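S.K.: Full structure from sequences and hints, please.
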Amino acid sequence: MVFCFVVRPGVADYNSATAAKKMLDSTGQKVLGVIVNGADMRQEPYHYSSYYYTEKK
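At position 18 of the sequence shown (counting the first as 1) the number is 18 in my numbering, and the numbers step up by one without a gap.
In case anyone wonders, no lab produced these hints; they're calculated from the structure. Computed from a predicted structure; not experimentally measured. Treat the hints with care, since some could be wrong.
Simulated pairs of lysine to any residue, SDA-like, Cα-Cα distance not exceeding 25 Å [said to hold, decoys possible]:
id : residue 1 : residue 2
1  : Lys22     : Arg42
2  : Lys30     : Arg8
3  : Lys30     : Thr18
4  : Lys21     : Gly38
5  : Lys21     : Val6
6  : Lys30     : Met41
7  : Lys30     : Arg42
8  : Lys22     : Val7
M.R.: This is the structure in structure tokens:
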């Protein structure tokens, strides 16, 4: 099974997010990616956004 890890700034701190990721790793689960939900981009001095498209096969 593959998971997408969702975190919210101000709710999930670094230590709790890291602990949750380690729990998933210890059970052999794979994390596909991380979604940062509810971030106020005016408050965040650095941010990166990426997307891509692939053709259906």
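S.K.: Give a verdict on every hint.
M.R.: For each hint, the structure was consulted:
Restraint check for Lys22 and Arg42: not satisfied, since their Cα atoms lie roughly 30 Å apart, outside the 25 Å limit. Between the alpha carbons of Lys30 and Arg8 the distance comes to roughly 20 Å, so the proposed pair stays at or under 25 Å and holds. At roughly 14 Å between alpha-carbon atoms, Lys30 and Thr18 fall within 25 Å of each other, so this suggested pair holds. The hinted pair formed by Lys21 and Gly38 meets the criterion: a straight-line CA distance of about 20 Å does not exceed 25 Å.
Distance check on the hinted pair: Lys21 and Val6 sit about 11 Å apart at the alpha-carbon level, within 25 Å; holds. The suggested pairing of Lys30 with Met41 is violated, with an alpha-carbon distance near 28 Å, which exceeds 25 Å. Distance restraint check for Lys30 and Arg42: the Cα-Cα separation of roughly 32 Å exceeds the 25 Å cut-off, and the hinted pair is therefore not satisfied. A C-alpha spacing of about 15 Å is found between Lys22 and Val7, which places the hinted pair at or below 25 Å, so the restraint holds.
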